[in-house]
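Those sequence lines, one after another, are chains A and B. Taking my numbering, the leading residue of the first sequence gets 206, the next gets one more, and so forth. Taking my numbering, the leading residue of the second sequence gets 206, the next gets one more, and so forth.
Derived from the structure by calculation, the hints contain no laboratory data. Fair warning: this is a prediction, and the values are worked out from it, not measured in the lab. There may be inaccurate statements among the hints.
Unchecked claim - Ranges of calculated distance between the beta carbons of each label pair, as one might list FRET restraints: (1) A:G319 <-> B:L283: 52 to 62 Å; (2) A:E385 <-> B:E230: 33 to 43 Å; (3) B:T275 <-> A:A274: 51 to 61 Å; (4) B:D418 <-> A:E391: 51 to 61 Å; (5) A:D418 <-> B:E276: 50 to 60 Å; (6) B:L283 <-> A:D419: 22 to 32 Å; (7) A:E214 <-> B:R236: 31 to 41 Å; (8) A:P321 <-> B:N533: 23 to 33 Å; (9) B:N533 <-> A:A279: 43 to 53 Å; (10) B:R236 <-> A:D419: 23 to 33 Å; (11) B:R236 <-> A:G319: 33 to 43 Å; (12) A:E385 <-> B:D249: 25 to 35 Å; (13) B:K454 <-> A:A279: 51 to 61 Å; (14) B:K451 <-> A:D419: 53 to 63 Å.
The beta carbon of each residue, even a glycine, is placed where N, CA and C say it ideally should be.
Protein chains: 2
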Amino acid sequence: MSERHQQVEDAIVARRERVNSALPEDLPVKRPDHLYEASRYLLDAGGKRLRPTVLLLVAESLLDVDPSATEYRAFPTLDGGEADVLAAAIAIEVIQTFTLIHDDIMDDDPLRRGVPAVHEEYDLSTAILAGDTLYSKAFEFLLSTGAAPERSVDATRRLATTCTRICEGQSLDIEFEQREAVTPEEYLEMVELKTAVLYGAAAAIPATLLGADDGTVDALYNYGLDVGRAFQIQDDLLDLTTPSEKLGKQRGSDLVENKQTLVTLHARQQGVDLESLVTTESVDAVSEAEIDAAVDRLHEVGSIEYARETAHDLIASGKENLEVLPDNEARFLLAGIADYLVEREY
Amino acid sequence: MSERHQQVEDAIVARRERVNSALPEDLPVKRPDHLYEASRYLLDAGGKRLRPTVLLLVAESLLDVDPSATEYRAFPTLDGGEADVLAAAIAIEVIQTFTLIHDDIMDDDPLRRGVPAVHEEYDLSTAILAGDTLYSKAFEFLLSTGAAPERSVDATRRLATTCTRICEGQSLDIEFEQREAVTPEEYLEMVELKTAVLYGAAAAIPATLLGADDGTVDALYNYGLDVGRAFQIQDDLLDLTTPSEKLGKQRGSDLVENKQTLVTLHARQQGVDLESLVTTESVDAVSEAEIDAAVDRLHEVGSIEYARETAHDLIASGKENLEVLPDNEARFLLAGIADYLVEREY
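Work out the full structure, taking the sequences as your base and the hints as a guide.
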């Protein structure tokens, strides 16, 4: 791992620890215990905390402060006030977790973060209710940062519209699975709604709370959108290019399962018959040779290159958007996270 | 129907019409159409709109205005500003609808408002997602009233904590169904959380938005809590006392299905064996005579009287709480709604 990658990893770990120790403070298990245990279950099961890390780094960069010398709970604002940016970071992570819990029900996914999904560990009702509880708690947190009221209103409105868009994205995702002719552009729109807007909110909300001007807030939101879309495209690419041992699952499983990705939707546009690309119907039965042949074909028609280029363009755009921030360590790390997301191998 | 009842009915109908015509404005069906159609489906299926009516009446009373001469969308505030109280009313109705959609999934109820529940008309995923969409839209609406930012923050925080409490109430409701020894006090706490807090929010939020002092806001919140609890207790009573033709379903069906109500929990405390009260296990097979005998027994131990008295005490307390409002037509109607809720026969 390069020195820069190591710095980014360390930065993520340091902020994850702050988020992890704040979670039981802000979301204690209380009566009815069953509900709060279920609400905490997936949060406690792990996760990189990338979104809250982005949020905290934007705050650090904007105010040009060293996190070791600053209390996130009483973070300075640009006009000399204070705001609890850790509460805002928790709000974003809690929204992410709520969407995972409800998505796992909809997709009938039995596993998440290496543990049974909430509806498997508990039951359907508890999972719906745990998600609903996290939903309102996130709004409670974001409304309790102590930031100036007009900024709290703007930040919270951003969170609400973000949640609406995530629902729209999930709805499109479900719709696309039942439809043949999805274009790469439609797919990218769905990814923007389902995944990227929450990165956008994570980057924009601290700027809003701390009193940055509209231009700064907009640029940071776009940084998040860029990075979030690139992240999803890289996920699609890794399934094709990372060896199974490293991936922790069969390489090419998206192809076996006929999952729509930017790569396959581009290939279809190039006239590739996706049905015949991989004919084996089970991930357990597919051979490396069959996956190799399919990946070769996707290279041939330029689909892998198209996806790679799209991701890299987004990362370049994302880093450009960071130029509204002061040139400091935190901005360097935010650029590093952008690179990290497309350079990671699993 | 008495003249006063007729006035209350007319007031509800008039405000319901305003809410109904505002709904397609604030929540238009747009892309992805399937999601927004499903989100609107239960809202369009009807409903009394009692909670938004309470919200609008509190606003009218506080500012002492005649609704026919005032635009709800640009409603005067106590300090000479303006706020869109119709958007706040819609927010409350939309939250109520979201909870119904998710509750119907949890309780596996196939019908609601005389039509198939959302998860029946559409499917499980669409119902979860429609509820989640309404959830965030409600916050969008309440954050867009144009009220002073500090009041918007307070009102929105009230909505968020209300949603959290509704989840806690639903969780207790599910827990109580699996437990024998629930006390009347625990039941009333559950009803407060699951049902009454949203009436409390409906009464308190307009006062907060329009700039009323804390004492007024608190009293109005308590009016809502009182009325909401009385409403639920009356629902429990109606099942026992209203003839089946009027009720639109078998009288005493709660007894056949062993549903916990304030009446039955009180009776158990008096030593009544609830299992033997009605032994027929199906609503279709039960006889009027068996229900009559059970109701007689519940009268004998004072359980029906206990529930009735509790409801009436709550209504009296609710009306007392209204004394913070100016003495005008709207306050008269809010008191009338309180009486209406316990005097209604179905």
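Here's how the hints hold up against the structure:
no. : hint                          : result
1   : A:G319 <-> B:L283: 52 to 62 Å : holds (55 Å)
2   : A:E385 <-> B:E230: 33 to 43 Å : holds (36 Å)
3   : B:T275 <-> A:A274: 51 to 61 Å : holds (54 Å)
4   : B:D418 <-> A:E391: 51 to 61 Å : holds (52 Å)
5   : A:D418 <-> B:E276: 50 to 60 Å : violated (34 Å)
6   : B:L283 <-> A:D419: 22 to 32 Å : holds (31 Å)
7   : A:E214 <-> B:R236: 31 to 41 Å : holds (40 Å)
8   : A:P321 <-> B:N533: 23 to 33 Å : violated (57 Å)
9   : B:N533 <-> A:A279: 43 to 53 Å : holds (46 Å)
10  : B:R236 <-> A:D419: 23 to 33 Å : holds (27 Å)
11  : B:R236 <-> A:G319: 33 to 43 Å : holds (36 Å)
12  : A:E385 <-> B:D249: 25 to 35 Å : holds (32 Å)
13  : B:K454 <-> A:A279: 51 to 61 Å : holds (57 Å)
14  : B:K451 <-> A:D419: 53 to 63 Å : holds (59 Å)
Going down the numbered hints, you'll see the structure goes against 5 and 8, while the others check out.
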